[in-house]
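Peer 1: Sequence:
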Amino acid sequence: MKLLTTLTVTTALAITGCSSTPSSHDSMADKHDNPMVGGAPMYASKNIIENAVNSKDHTTLVAAVKAAGLVDTLQGEGPFTVFAPTNAAFDKLPKGAVANLLKPENKAALQEVLTCHVVGTNALSSAITTMIDDDMGAHPVPTLGGCILTATYKGDTIMLEDENGRMAHVTIADVKQSNGVIHVIDTVLLPK
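Taking the working numbering as reference, the numbering of the sequence shown is continuous, increasing by one, and the terminal residue is 194.
Hints should not be assumed to be uniformly reliable.
[As the list claims (entries may be wrong)] The list that follows gives simulated cross-link-like pairs (lysine-lysine, DSSO-like), each with its CA atoms no further than 30 Å apart:
(1) Lys-94 - Lys-156
(2) Lys-105 - Lys-58
(3) Lys-105 - Lys-194
(4) Lys-105 - Lys-94
(5) Lys-194 - Lys-94
(6) Lys-109 - Lys-97
None of these hints come from the bench; they were simulated from the model.
Can you build the whole structure from these sequences, using the hints too?
Peer 2: Structural data, given as structure tokens:
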């Protein structure tokens, strides 16, 4: 049930009715301050949802965010740090898990899963690695969904372990948003 909630929240974040066309107010500097994600430019002047809908690597997450009813939350003021699983990360889950989480009757479980990927602060990778160093190599990360992730790093790669021992690696860090930051991850993190 918890897996379903997490997946729903993540999909809801990814699927929104936001425009996917850059507006004229998106400056070249805004576009180049951020890495591309899923083949699309990410704009620091746009919110998490406005950017996520443009990434072809996050269509499952967007659908889950919509199904979980989290679009308005993630378009809100924040700040939020979102650890955003890719479509390939969702594909690692057992067959049928995502479809099951997206069912209306599993909305609460999906919300739980998705909010285990969201922290109520704006944490760039440099801040995360500093906290890891300050905590002697492993930093607890409490999420809005009640999960406690453990952040570590090796070289330039930040890793997050959920309470079940599932390990996600940050593959694209520091995608700045108007209401926080996104770090792309390669594994869906699940509640206990």
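Peer 1: Compare the structure with each hint and give your call.
Peer 2: Structure-based check of all given hints:
1. Lys-94 - Lys-156: Holds, at roughly 23 Å.
2. Lys-105 - Lys-58: holds, 22 Å
3. Lys-105 - Lys-194: holds, 21 Å
4. Lys-105 - Lys-94: holds, 19 Å
5. Lys-194 - Lys-94: Roughly 18 Å between the alpha carbons, so the hint for Lys-194 and Lys-94 holds.
6. Lys-109 - Lys-97: holds, 19 Å
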